[in-house]
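Here the protein sequences come in this chain order: D and R. All you need for the working numbering is the position in the first sequence, starting with 1, plus 57. All you need for the working numbering is the position in the second sequence, starting with 1, plus 190.
Simulated from the structure, these hints should not be mistaken for laboratory data. Since the model is a prediction, treat every value here as computed from it, not as a measurement. The C-beta atom is built at its ideal place from N, Cα and C for all residues, glycine as well. Among these hints, one or two may not hold up.
What the hints assert, rightly or not - Subject to a maximum C-alpha distance of 27 Å in a straight line, what follows is the list of computed DSS-like cross-link-like pairs (lysine-lysine):
id, chain 1, residue 1, chain 2, residue 2
1, D, K298, R, K251
2, D, K155, D, K119
3, D, K171, D, K155
4, R, K372, D, K298
5, D, K266, D, K298
6, R, K372, D, K317
7, D, K298, D, K178
8, R, K372, D, K171
9, D, K317, D, K171
10, D, K317, D, K266
11, D, K101, D, K178
12, D, K155, D, K298
To be verified - Distance ranges between label pairs, derived from CB positions:
id, chain 1, residue 1, chain 2, residue 2, range
13, D, E129, R, E225, 57 to 67 Å
14, R, L447, D, L61, 33 to 43 Å
15, D, R125, R, D587, 45 to 55 Å
16, R, F457, D, N204, 29 to 39 Å
17, D, H177, R, H282, 39 to 49 Å
18, D, L138, R, D587, 31 to 41 Å
19, R, M227, D, Q250, 25 to 35 Å
20, R, R529, D, E129, 49 to 59 Å
Listed below, chain by chain, are the residues.
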Amino acid sequence: MDYLDDLESRSIYIIREAYHRFRRMALLWSVGKDSTTLLCLCRKAFLGQVPFPVIHIDTGYKFPEMYRFRDEYAEQWGLDLIVGTNREAREAGMGPTKGAKLDCCTALKTEALKQVLREHKLEAILLGIRRDEHGIRAKERYFSPRNESFQWDYQNQPAELWDQYKSLSDDREHFRIHPLLHMTELDVWRYVQREALPVTELYFARNGKRYRSIGCATCCSPVESEASTVAEIIAEVAASKVSERSGRAQDKEDAYTMQKLRALGYM
Amino acid sequence: MAQDHLRITFVGHIDHGKSSLIGRLLYETDSVPEERMEQVRAASAAQGRDAELAYLVDHLKEERDRGITIDTAQIFFRTPGRECIVIDAPGHREFLKNMLTGASQAEAAILIVDAEEGLREQTRRHAFLLRLLSIHYCVVVVNKMDLVAYAQERFEEVREAVGQFLERVGLAAADFIPISAKHGDNVTRPSDRMPWYQGLTILELLDTIPSTRETSLPARFCVQDVYHFGGQRMIAGRLETGTLGPGDSIHILPDGLDASVESVERFESPRTLAEAGECVALILPPDAPARRGQVYCDPLAPPQVVTTLTARLFWMREEPLAVGDDVTLKIATQESACRVRAIRHRIDSSSLDVLEEEAQHLGTTEVADLELEAASPMVAELVEQNPSLGRLVLELDGAVAGAGTIVAL
Numbered sequence: 058m059d060y061l062d063d064l065e066s067r068s069i070y071i072i073r074e075a076y077h078r079f080r081r082m083a084l085l086w087s088v089g090k091d092s093t094t095l096l097c098l099c100r101k102a103f104l105g106q107v108p109f110p111v112i113h114i115d116t117g118y119k120f121p122e123m124y125r126f127r128d129e130y131a132e133q134w135g136l137d138l139i140v141g142t143n144r145e146a147r148e149a150g151m152g153p154t155k156g157a158k159l160d161c162c163t164a165l166k167t168e169a170l171k172q173v174l175r176e177h178k179l180e181a182i183l184l185g186i187r188r189d190e191h192g193i194r195a196k197e198r199y200f201s202p203r204n205e206s207f208q209w210d211y212q213n214q215p216a217e218l219w220d221q222y223k224s225l226s227d228d229r230e231h232f233r234i235h236p237l238l239h240m241t242e243l244d245v246w247r248y249v250q251r252e253a254l255p256v257t258e259l260y261f262a263r264n265g266k267r268y269r270s271i272g273c274a275t276c277c278s279p280v281e282s283e284a285s286t287v288a289e290i291i292a293e294v295a296a297s298k299v300s301e302r303s304g305r306a307q308d309k310e311d312a313y314t315m316q317k318l319r320a321l322g323y324m
Numbered sequence: 191m192a193q194d195h196l197r198i199t200f201v202g203h204i205d206h207g208k209s210s211l212i213g214r215l216l217y218e219t220d221s222v223p224e225e226r227m228e229q230v231r232a233a234s235a236a237q238g239r240d241a242e243l244a245y246l247v248d249h250l251k252e253e254r255d256r257g258i259t260i261d262t263a264q265i266f267f268r269t270p271g272r273e274c275i276v277i278d279a280p281g282h283r284e285f286l287k288n289m290l291t292g293a294s295q296a297e298a299a300i301l302i303v304d305a306e307e308g309l310r311e312q313t314r315r316h317a318f319l320l321r322l323l324s325i326h327y328c329v330v331v332v333n334k335m336d337l338v339a340y341a342q343e344r345f346e347e348v349r350e351a352v353g354q355f356l357e358r359v360g361l362a363a364a365d366f367i368p369i370s371a372k373h374g375d376n377v378t379r380p381s382d383r384m385p386w387y388q389g390l391t392i393l394e395l396l397d398t399i400p401s402t403r404e405t406s407l408p409a410r411f412c413v414q415d416v417y418h419f420g421g422q423r424m425i426a427g428r429l430e431t432g433t434l435g436p437g438d439s440i441h442i443l444p445d446g447l448d449a450s451v452e453s454v455e456r457f458e459s460p461r462t463l464a465e466a467g468e469c470v471a472l473i474l475p476p477d478a479p480a481r482r483g484q485v486y487c488d489p490l491a492p493p494q495v496v497t498t499l500t501a502r503l504f505w506m507r508e509e510p511l512a513v514g515d516d517v518t519l520k521i522a523t524q525e526s527a528c529r530v531r532a533i534r535h536r537i538d539s540s541s542l543d544v545l546e547e548e549a550q551h552l553g554t555t556e557v558a559d560l561e562l563e564a565a566s567p568m569v570a571e572l573v574e575q576n577p578s579l580g581r582l583v584l585e586l587d588g589a590v591a592g593a594g595t596i597v598a599l
């Protein structure tokens with residue numbers, strides 16, 4: 058067992074543990090490399106199946122390449138795809154230029170997710186966030202409870218040790234399950250390479266630029282790069298002195314935007 | 191080429207400098223993206239301070255406002271020899287369950303002690319907990335040497351006191367390093383203010399810590415779940431120790447039956463042998479019973495099946511545990527209601543003072559040898575024989591309330 062095998066096994070253990078505990082669970086798929094890796098780990102965990110719905114939260118501002126990728130693989134892998142959207146907010150013209158990014162993310166992402174959870178009465182969702190993405194995410198648990206208002210009580214998190222995770226929920230709580238916490242950006246790319254996992258073409262260089270982190274087209278900035286293969290991306294990331302999410306506008310709005318967003322239920 | 195990896199936790203009393211040391215290590219190894227340093231400078235300025243390197247670790251606003259670490263964080267950085275995952279643990283007594291959560295994921299530990307203050311309550315308690323967590327490799331870092339004029343005499347005093355305590359707890363410190371995280375002495379660069387110290391810097395030391403090696407133990411496969419995808423019964427679980435391959439004989443516990451492994455399955459993989467740590471799915475003959483909680487083991491060296499056991503347990507809840515209480519006992523994937531029959535040898539996990547030999551209650555952060563009686567038979571082993579079946583938690587309301595190791599069956 059090498060290091061990637063070890064990371065993979067730890068993720069599969071958590072995914073299987075979550076499936077055992079929660080009758081009504083779904084996976085949140087942003088169509089980025091991390092949640093796609095998570096999706097592929099689920100296929101491994103369940104021997105080719107994905108025995109629960111896969112949710113795509115559509116803000117309406119995503120890249121066309123992402124929608125294409127989503128539809129292609131949803132079909133290929135036989136996914137039970139749910140597309141969630143905050144229809145009222147979008148019809149009212151909500152967008153990233155309407156005010157603070159904090160408000161736009163909250164309305165179009167967090168609120169949309171809340172609606173999907175309520176509609177489908179979900180008890181838990183699997184997310185592909187990682188500790189090294191952001192200092193706030195570094196504080197997360199594998200099984201992380203959220204109360205009925207979606208709030209994250211980061212000052213009083215449950216103890217987790219020896220693969221024993223907080224299990225019970227009362228009706229008003231849902232759980233966030235984070236099977237990729239222990240993987241770094243580089244680990245994910247190495248895993249993508251080893252497993253030949255598909256990722257959207259946005260990650261690869263076109264005209265001297267590529268996206269290192271992907272979200273809504275309006276709030277993502279590409280980086281200068283010539284990396285056009287996974288191997289080149291790995292070399293570039295390994296040598297990089299810039300953080301992965303440096304092109305993501307909502308992280309920068311103010312020093313604690315990410316903390317506030319996450320406390321309100323953001324990924 | 192994937193490098194060697196090491197998971198190391200930084201523990202010690204509050205304000206002895208864990209977060210600052212980690213921050214300095216990151217900064218001096220050039221592991222911090224420039225915009226993150228900018229954020230730290232800006233956030234520090236907003237608090238009226240110079241660039242506070244601890245902010246590289248303490249990200250929550252509340253942590254910065256109060257100047258303390260509330261929850262564990264994991265930071266990734268590279269030394270010349272390997273990739274390190276540093277797990278910061280809060281040093282405040284209030285956050286012990288967060289310290290345990292973080293430290294339980296480590297293979298090695300750095301115990302930080304303030305040169306001026308010496309051994310404090312959480313220094314001792316954390317050392318004790320490292321032993322409970324079976325983290326055997328521990329290095330002691332004596333920080334804030336600048337406050338004691340970089341005096342060798344003071345370093346030796348602290349080394350003596352800490353060494354003695356570690357011996358009582360059953361831990362052997364691999365090394366003692368005098369540093370100043372604030373000024374950078376012996377962190378990544380040797381200090382010219384401590385010419386009497388000829389040992390390694392922390393950075394050098396991180397490259398020498400041995401990664402934990404798997405000792406070969408008998409096979410133990412803990413069943414997590416049973417799937418029926420594609421019409422085939424797949425028994426999903428993790429091989430905790432040993433190896434398992436098709437054709438191998440196994441003993442099924444707690445049922446007490448024998449069977450032969452028909453197949454070891456993975457998705458889209460030709461590999462057939464499972465190694466320790468792997469999550470796979472087994473196919474057994476259809477008449478072999480399969481359910482979560484079972485343990486499949488080497489028939490020549492099986493664990494025991496018991497309803498009573500003695501666990502050395504650390505209690506985390508504010509409300510004390512009492513003799514006669516009903517709790518949920520969990521060992522690997524097994525779960526059973528269980529009653530506390532006796533609480534013996536109750537000790538303060540910091541002073542190691544024996545509070546009572548026969549107790550009625552166990553208070554928060556205390557440790558005792560609990561006699562537990564499970565409602566269902568449990569497959570168990572002494573922790574020295576096999577940690578996967580020798581570690582347990584007690585749960586209340588679905589949350590971990592106590593953690594311990596099996597010391598008698």
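Hints, one by one, checked against the model:
A hinted pair counts as satisfied when its Cα atoms are at most 27 Å apart, and D/K298 with R/K251 qualifies at roughly 25 Å. For the hint pairing D/K155 with D/K119, the CA-to-CA distance comes to about 17 Å; that is within 27 Å, so the pair holds. For the hint pairing D/K171 with D/K155, the CA-to-CA distance comes to about 21 Å; that is within 27 Å, so the pair holds. Only pairs whose Cα atoms come within 27 Å are accepted, and R/K372 paired with D/K298 is accepted, the gap being roughly 24 Å.
Straight-line distance between C-alpha atoms of D/K266 and D/K298 comes to about 17 Å, which keeps the hinted pair within the 27 Å bound. For the suggested pair R/K372 and D/K317, the alpha carbons sit about 31 Å apart, so the restraint of at most 27 Å is broken. Between D/K298 and D/K178 the CA atoms are separated by roughly 43 Å; this puts the pair beyond 27 Å, and the hint is violated. Under the criterion of a C-alpha separation no larger than 27 Å, the hint pairing R/K372 with D/K171 is inconsistent with the structure, at around 45 Å.
For the hint linking D/K317 to D/K171, the alpha-carbon distance of about 17 Å falls within 27 Å, and the restraint holds. Between D/K317 and D/K266, the direct Cα distance comes to roughly 31 Å. Violation of the 27 Å bound is thereby established for this hinted pair. The suggested pairing of D/K101 with D/K178 holds, with an alpha-carbon distance near 26 Å, which does not exceed 27 Å. At roughly 33 Å between alpha-carbon atoms, D/K155 and D/K298 are farther apart than 27 Å, so this suggested pair is violated.
As the Cβ distance of D/E129 to R/E225 is approximately 35 Å, the hint placing it in 57 to 67 Å is violated. Look at R/L447 against D/L61: about 36 Å separates their beta carbons, and that is inside 33 to 43 Å. For D/R125 paired with R/D587, a C-beta distance near 46 Å keeps the hint of 45 to 55 Å intact. Taking 29 to 39 Å as the suggested C-beta distance range, the pair R/F457 and D/N204 conforms, at roughly 36 Å.
Against the hinted window of 39 to 49 Å, the Cβ-Cβ separation of D/H177 and R/H282 comes to about 40 Å, which satisfies the hint. Here the CB-CB span from D/L138 to R/D587 is close to 35 Å, well matched to the stated 31 to 41 Å. The hint said 25 to 35 Å for the Cβ distance between R/M227 and D/Q250, and at roughly 30 Å that hint holds. Checked against the given bound of 49 to 59 Å, the beta carbons of R/R529 and D/E129, roughly 56 Å apart, stay inside it.
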